[in-house]
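Asker: Chains as they are written, first to last, in the working numbering: chain A, 1 to 110; chain B, 1 to 113.
Keep in mind that a hint or two might mislead.
To be verified - List time: in silico BS3-like cross-link candidates among lysine-lysine, alpha-carbon distance up to 25 Å:
| hint | chain 1 | residue 1 | chain 2 | residue 2 |
| --- | --- | --- | --- | --- |
| 1 | B | Lys57 | B | Lys70 |
| 2 | B | Lys57 | A | Lys1 |
| 3 | A | Lys97 | B | Lys14 |
| 4 | A | Lys68 | B | Lys71 |
Think of the hints as simulated: they come from the structure by calculation, not from any bench.
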Amino acid sequence: KQEVTQIPAALSVPEGENLVLNCSFTDSAIYNLQWFRQDPGKGLTSLLLIQSSQREQTSGRLNASLDKSSGRSTLYIAASQPGDSATYLCATGTASKLTFGTGTRLQVTL
Amino acid sequence: NAGVTQTPKFRVLKTGQSMTLLCAQDMNHEYMYWYRQDPGMGLRLIHYSVGEGTTAKGEVPDGYNVSRLKKQNFLLGLESAAPSQTSVYFCASSPLAGTYEQYFGPGTRLTVT
């Protein structure tokens, strides 16, 4: 059974700092890995998706990497802003089933 | 293009009552999913569907039923609500091929008293 872990559970950084969020998974037989953002009381917004054959994906200030052999993915956020404050979730699995981590709650302070 | 929509947004039920949550998507996606999100537990898959007329059990299916009579709609039913079903319910959809990227609705907050 796939298990997904995200560490740390919460993180507070000053504005402008670069930061890395970590995601680890136990079963490397995955189809893809998705990173989501969730604002309080809201739904999930897809940020980046890395297919199993890829090593990384970039969108603006966000860069996600995938190392299947070690069961790890990282989400790098450059030059963080207060608007980046949210919970970040990673999820991975087969084409039809995703297993989610419990998320990292990020606070970017002025 | 509304994406994935969910009805209702909020609901309070008494133990033993029944209700149906409606999910609709306008992206012509084959796959649809129902998840529940509880504090400290992450999102867990309740049921999913790989096409019109098909359904399958996820990780936590007990106490729920689903139907996919039309491709664009996926219904989640609670026949006899229990306090343990207090949660936030999310619907998602994804295409049949390609990246299988999942797109989520805004959620339904359900409280069972």
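Asker: When the structure is checked against the list of hints, which entries are broken? Sort them ascending.
Answerer: Numbers 3, 4, in rising order.
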